[in-house]
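J.: Chains as they are written, first to last, in my numbering: chain E, 1 to 117; chain Z, 118 to 229.
Check before you lean on any hint, since a few could be wrong.
What the hints assert, rightly or not - Quick list of simulated restraints, FRET-style, between CB atoms:
#1 E:PRO2 - Z:GLY200: 21 to 27 Å
#2 Z:GLN226 - E:THR115: 24 to 30 Å
#3 Z:PHE163 - E:PRO8: 22 to 28 Å
#4 Z:ASN170 - E:GLU1: 24 to 30 Å
#5 E:ILE20 - Z:GLY200: 31 to 37 Å
#6 Z:ALA195 - E:THR76: 37 to 43 Å
#7 E:GLU1 - Z:VAL187: 32 to 38 Å
What the hints assert, rightly or not - Computed, partial: chain Z to chain E, Cβ under 8 Å:
#8 PRO161
#9 ARG214
#10 ALA216
#11 SER221
These are calculated hints, taken from the structure and not from any lab test.
Where a beta carbon is used, it is the ideal one built from N, C-alpha and C, also for glycine.
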Amino acid sequence: EPEVTQTPSHQVTQMGQEVILRCVPISNHLYFYWYRQILGQKVEFLVSFYNNEISEKSEIFDDQFSVERPDGSNFTLKIRSTKLEDSAMYFCASSEYYKGSGANVLTFGAGSRLTVL
Amino acid sequence: GESVGLHLPTLSVQEGDNSIINCAYSNSASDYFIWYKQESGKGPQFIIDIRSNMDKRQGQRVTVLLNKTVKHLSLQIAATQPGDSAVYFCAENGPGRRALTFGSGTRLQVQP
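In isolation and in its complexed conformation, chain Z is listed as follows (with noise of 0.2 Å):
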């Protein structure tokens, strides 16, 4: 569905823990997925991105995952830091698009 407002869905862990934030798309011609952290008065900031060739890509302490036949993306964040503390966006595109289309966003809050 679409943005639900005000009332985005937060994941809350402890500092060090694995966090997995979750995301779901619609379109099935979808055909690149990207990963954006937003913190507080700031604009998105490019974390991941993942083709629709592949299933999993790998970064430095962040990994996504693809599963096309649910329509399925994650992110996640190995031993969770305090500054990672902040709202993250999945955005696709598809075939002969440039521009993004985002997500309704998952507040992260880390607990020290």
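Isolated chain E (complex conformation) (with noise of 0.2 Å):
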């Protein structure tokens, strides 16, 4: 069964750093997400990406967030000065085109789990 396909599963980095979220969605899916929950909360939705640009966004989503489709493949997540509050698991997503109204199911990576100190 296809997958999403998400790197690194842990990473730990100091506050005021840098960090790349990698993901690998599913080959035919369009569109393509990030998501992140802190532990014990519910998903919060962060950004959608379509046809190279962002669709959509959510507050949490500020200057310090950006999104990338290096390649035809990856889709990444930048946090350009990690804060304490950032630590959270990121979770990747992607879904196919559809036209109409309806049935939009996104699939899930395993997430990215990240820690900062």
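Two independent chains are provided; combine them into the complex using the hints.
T.: Shown next as structure tokens:
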């Protein structure tokens, strides 16, 4: 079964350092997403990406965050200057293109745990 | 309301019983709903979805019910098994959106 893969599975960084989280979405999917989940809390939307540009972003996705699709397979989330409160599990997801309204099943990766010290 | 933090509501059931997990949503414009299961240390995994033009949809051992009048969604799991133990999230989106908005989650504990 096709899956979304994420690397690294766990990253520990010092406050103020830059972090890049990587994702390989499912190959025929055209929409890509980043979500985060602080320990024990709900899954929060960060950003969605389609056709090489951001299509939607939340209030959490401020200027310290950026996303990129550097090649035909990878999708990255960069945090420029990490803060303690950025410690969370970051999930990448992807979904197919569909016409009209309705089903939009996001397939999630296993996540990258970020610990900021 | 919003997520309350570390203390997820917990539903504890005996193996073999039926489970019902509830979710309330606030956006009356939401037209697509989905249930995800999240096991410890893993990403959310799709269970079942439903569009707003339906009020019930069945899968294998799972049924989703949608009551748009009161903005309520439920997930029913028949003959609950220990492998069903996880946190369950409802999620929704509305017209023109691709991203899903997740609810707060319910922890299901299945006692053998």
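J.: Taking 24 to 30 Å as the hint, is the beta-carbon distance of ASN170 (chain Z) and GLU1 (chain E) inside that range?
T.: holds, 29 Å
J.: Regarding the hint that ARG214 (chain Z) lies at the interface with chain E, is the smallest CB-CB distance below 8 Å?
T.: holds, 7 Å
J.: Restraint: ALA216 (chain Z) near chain E, CB-CB cut 8 Å. Satisfied or not?
T.: holds, 5 Å
J.: Hint says 31 to 37 Å; check whether the CB-CB distance for ILE20 (chain E) and GLY200 (chain Z) agrees.
T.: holds, 35 Å
J.: Hint validation: SER221 (chain Z) versus chain E, beta carbon distance must be below 8 Å. Holds or violated?
T.: This hint holds: SER221 (chain Z) lies near chain E, its Cβ roughly 5 Å from the closest one there, short of 8 Å.
J.: Any CB of chain E closer than 8 Å to the CB of PRO161 (chain Z)?
T.: PRO161 (chain Z) check passes; min Cβ-Cβ to chain E is 5 Å, inside 8 Å.
J.: For the hint 24 to 30 Å, verify it against the beta carbon of GLN226 (chain Z) and that of THR115 (chain E).
T.: Once the Cβ atoms are compared, 27 Å apart, the range 24 to 30 Å for THR115 (chain E) and GLN226 (chain Z) holds.
J.: Quick check: does the Cβ-Cβ distance between ALA195 (chain Z) and THR76 (chain E) fall within 37 to 43 Å?
T.: Given about 41 Å between the Cβ atoms, the range holds.
J.: Do GLU1 (chain E) and VAL187 (chain Z) keep their Cβ atoms within the hinted range of 32 to 38 Å?
T.: Taking Cβ atoms as reference, GLU1 (chain E) and VAL187 (chain Z) lie about 36 Å apart, which means the hint holds.
J.: Just tell me: holds or violated, for the beta carbon distance of PRO2 (chain E) and GLY200 (chain Z) against 21 to 27 Å?
T.: holds, 22 Å
J.: Quick check on a hinted range of 22 to 28 Å for PHE163 (chain Z) and PRO8 (chain E), using CB atoms only.
T.: holds, 24 Å
Hint violations for this structure: none, all hints satisfied.
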